[in-house]
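Enquirer: Here's the letter readout for the chains.
Number of protein chains: 4
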Amino acid sequence: MTRGRPRDATVADRVVAVAGALLREGGYAGFTVDEVASRAGVAKTTLYRRWPTRDHLVAAAVATMLAETPLRDTGDARADLVRATLDIAAGLRAQTRALIAELVAYGARHDDLGSFLRELWTQRRQAASELIERGTARGQLRSGTDPAMLIDALVGPLYYRVLVTGDPITDDYVRAMADAALSGVAGQAEVPE
Amino acid sequence: MTRGRPRDATVADRVVAVAGALLREGGYAGFTVDEVASRAGVAKTTLYRRWPTRDHLVAAAVATMLAETPLRDTGDARADLVRATLDIAAGLRAQTRALIAELVAYGARHDDLGSFLRELWTQRRQAASELIERGTARGQLRSGTDPAMLIDALVGPLYYRVLVTGDPITDDYVRAMADAALSGVAGQAEVPE
Amino acid sequence: MTRGRPRDATVADRVVAVAGALLREGGYAGFTVDEVASRAGVAKTTLYRRWPTRDHLVAAAVATMLAETPLRDTGDARADLVRATLDIAAGLRAQTRALIAELVAYGARHDDLGSFLRELWTQRRQAASELIERGTARGQLRSGTDPAMLIDALVGPLYYRVLVTGDPITDDYVRAMADAALSGVAGQAEVPE
Amino acid sequence: MTRGRPRDATVADRVVAVAGALLREGGYAGFTVDEVASRAGVAKTTLYRRWPTRDHLVAAAVATMLAETPLRDTGDARADLVRATLDIAAGLRAQTRALIAELVAYGARHDDLGSFLRELWTQRRQAASELIERGTARGQLRSGTDPAMLIDALVGPLYYRVLVTGDPITDDYVRAMADAALSGVAGQAEVPE
DNA sequence: ATCTAATCGAGACGGTACGTCGCGTCTTGTT
DNA sequence: AACAAGACGCGACGTACCGTCTCGATTAGAT
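Protein chains in written order, with full-length UniProt numbering: chain A, 1 to 193; chain B, 1 to 193; chain C, 1 to 193; chain D, 1 to 193.
It cannot be assumed that every hint is accurate.
All copies of an identical chain are treated as equivalent in the list; a pair is satisfied when it fits inside any one copy or across any two copies.
[As the list claims (entries may be wrong)] Listed next, the in silico DMTMM-like pairs over lysine to aspartate or glutamate satisfying Cα-Cα at most 25 Å (straight line):
| id | residue 1 | residue 2 |
| --- | --- | --- |
| 1 | Lys44 | Asp172 |
| 2 | Lys44 | Asp8 |
| 3 | Lys44 | Asp179 |
| 4 | Lys44 | Asp34 |
| 5 | Lys44 | Asp73 |
| 6 | Lys44 | Glu25 |
No lab work stands behind these hints, which were simulated from the structure alone.
Model the full assembly from the supplied sequences, consistent with the hints where possible.
Expert: This is the structure we're talking about:
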């Protein structure tokens, strides 16, 4: 029973695309509502009708930028985890350090964006946790392995390097780190090359 | 080339103190250059003579907030490392998540700040590296341990939790993680970079 | 090309009124854009959208302060001219010397203001010129009278006293001066320019 | 019994020269104490020791800029006055309109500069007055001529054109105006070509 | 076919902070 | 003492962005 002019469905797509581009170009600081509106050929009013705040818009843009890297369960938990870690590393390398850092920062400060991002990450961790548990059940990982800790051990160093030290994350580094984590946290099995 | 009136040494201290206080009170958003200047009893001009940007000032304030956690070498490398990691965890817990994240973000975006911060962190990592090497020489850590990787494995998960997931960092968590890292990474062969 | 929200017509009036008041109170020095905005209940942004510079605003204010002295043509050109000159003198006396001088100074320095003001003055001179020509046609002024020179002779000394010497302009002075000009200049042949 | 280092006599000259140059370049607005000091190779302190205010410095600079055009008494009062008026017109043409206007404006606003300038002008008017009185005594000007009014009639239109209308001041204009003034204010004698 | 109501583009508006500029004072070491 | 150098307090300037508002012009479903 809705009346009046219907919303233009193309607006959201255009805006989010522009927003993402701006974020990549100039980071959070170079991201201006006016600029987004202008580039997307959209009035600010229209924009604020959909996203109540600049940060909401940022969140929307980021969500589409963080493409889901699917987590496959091939039956070999170790190989799958290494594979997934390599994917994450590749994703981190693809983005600007600055953008990731700023997202983290603003996520920490603004609850809107923060809870949104945390939920996004939680989803992925959940999938990984289940994969780990299946691996543990199959005896591929040491029994008693805490999934959360294993994930931290695998992914933590990557974010640490990206955000804090700025050191590069080579695939070799990722493999070595993953092997160590899987031996240390996950068990004593010899490390397969 | 005479010097002119020397800079008032007390200014920096006062300003940084006030800036830190403001940051703790209201975070990045509640941090105003005018307010800092006014509370510190300093002209904005004077302030901008030392820190060219609001962000530089923020960084300076946060840098002093990250208190030096001394790294002791008692002869027991494992125990010292666990101790140091616990200290770092305590330091992270003491700060607001947001502040650390924002500091990281500035460092990523602004090169001068970034190199300043990276150097700050590099210093600490250097000290830890030497401790690890001495421990390896004493046979307390597996030979061939790559210090950088060990440090990443110890500290990375902490920052990851603080910055990304927001999960709490209990001492038990730190100990478990450290044990895993020391068994896992400490036994790995050097990783070519 | 639609128009967007129309400008609030009351803004200009309020602002100019406040600006004039401030000028009268404290002169050019006591005139602050912030203060004008605040007293007029207007954002500084709005203010700068109309007047690109403090000086433009000052000019606008002063321009409205120079009230239109209507020039009547009663049929007696001599009497009308003396009357008008007395009115101008009264207007000059009413203003602060400084304001008029500053207005003139801005006009001299900034071309946009200058042409604006010059046009304003030209309008009045035009009306006076026509009156003079009608008077000449009626034989009340010597034939061949150059209107521009007559006006200069009538008004010039007034501005000179106000701006340069600071001597007072009594009505007697104005009358004597006008008589002299009307006998002297009004009888001169046209001056080639 | 003065002790200590004597003042550097060359300072004043250098400073005033630089100040004058700056005034001519950018007018009152483009005149900065810091810039003067820097260009003159002088410390601001030194500068403020001599001129307590920016305006005092401006006044000093202007004083040297307004070169005295000597007023000669050849025995022919009419010719001498026309000659002097032409000199003044030439002087006005030589300066930037803007600078003259600004001097007038700031003279009107700031008493320091104002009284200084007024005294400067008064001196000249005094000389002219005496010349007029001698001319009157010699019967070359109508008896009862008010010197002040005659001067106003001669010079007023010039300043008016320069400051207000912006119209040019040709020598023909000056002569015609002077003749008219001398006939109107000074007497009925026929106008010599 | 018209009425009606929501949407859209455009841009003005209030607000808050930013970083800059100039003035006149001060505090050094030097001559 | 006077000087060069330059830090300092102060106050205003003009700009940038945010989120709200008020317009006129669309654009469809309801009447």
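Enquirer: It remains to establish, for every hint, whether it holds in the given structure.
Expert: Structure-based check of each hint:
no.	hint	verdict
1	Lys44 with Asp172	neither (47 Å within a copy, 50 Å between copies)
2	Lys44 with Asp8	both (14 Å within a copy, 20 Å between copies)
3	Lys44 with Asp179	neither (50 Å within a copy, 53 Å between copies)
4	Lys44 with Asp34	both (7 Å within a copy, 18 Å between copies)
5	Lys44 with Asp73	neither (45 Å within a copy, 57 Å between copies)
6	Lys44 with Glu25	within (21 Å within a copy, 29 Å between copies)
When each numbered hint is compared with the structure, violations occur for hints 1, 3, 5.
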